[in-house]
Amino acid sequence: MSKERDTKTIWLEEGLKILAKEGPSSLSIDRLTLAIGKTKGSFYHHFSSRDSYIEALLEYHEKSMVDEVVERTNEAGDPHARMKKLTKLAFQISGELELAMRAWALYDPKVRTFQDRLDRRRLEYAKALYVESGMSADKAQQLSRRDYSFFIGLQQLKHHYDEKEFRSILRSVFSG
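Number 525 marks the last residue of the sequence shown (our numbering); no jumps.
Keep in mind that the hints were calculated from the coordinates and are not lab data.
Source: prediction; values computed, not measured.
For glycine and all other residues, C-beta sits at the position ideal for the given N, C-alpha and C.
Wrong hints could be hidden among the right ones.
[Said to hold, decoys possible] Pairwise CB distance ranges (calculated):
#1 R495 <-> L438: 32 to 40 Å
#2 F499 <-> D400: 33 to 41 Å
#3 I378 <-> E411: 18 to 26 Å
#4 E424 <-> E371: 28 to 36 Å
#5 K488 <-> I378: 21 to 29 Å
#6 D416 <-> D457: 19 to 27 Å
#7 I378 <-> Q491: 43 to 51 Å
#8 S374 <-> N423: 31 to 39 Å
#9 F499 <-> S413: 51 to 59 Å
#10 K433 <-> R466: 22 to 30 Å
#11 L438 <-> I378: 29 to 37 Å
#12 R520 <-> S482: 13 to 21 Å
#13 D465 <-> S377: 21 to 29 Å
[To be verified] Here are the simulated SDA-like cross-link-like pairs (lysine to any residue), alpha carbons at most 20 Å apart as the crow flies:
#14 K412 <-> V460
#15 K434 <-> Y479
#16 K357 <-> D416
#17 K412 <-> R380
#18 K433 <-> L376
#19 K412 <-> D427
#20 K437 <-> K370
#21 K412 <-> Y497
#22 K433 <-> N423
#23 K357 <-> Y393
Based on the sequences and whatever the hints tell you, model everything.
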């Protein structure tokens, strides 16, 4: 990985941290440069504007939250093992970042389009795993929607549970 790529990734990862902790209004160039300790010149070396940064941030988020999760999930064997791996990976995702993205999508059409695409891709992948395991397309769609709705809801409530309770809830929902 080149130094240029490393620096660009640092800008994007820091942006996701700021978004999760402080919200999208804090994604200013000044705030980012302060957090990273780089100059505005470094920012503009990688991004032509704040808008291009936001676009790159959303693409980076989608890559890490869908593409990389699917890639890691596909390393498991059969569809059942992949679904188990997907569940494990899904619940390692930062609830704060998921909530921040969804809140942002409520009032920013560009982010809403991004979030809709991310949701659609996640649902399609889960449905495909169910179909591959022998389930009808209709039943697979129902279960993938149920599972994804549970995932979104639990992201909202995750901070209310300790680790043991959280794992117990996951087992009870996904064991049957």
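| task | List in ascending order the numbers of the hints, as given earlier, that are violated by the structure. | result | Those not satisfied are hints 1, 5, 9, 17, 18, 19, 20.
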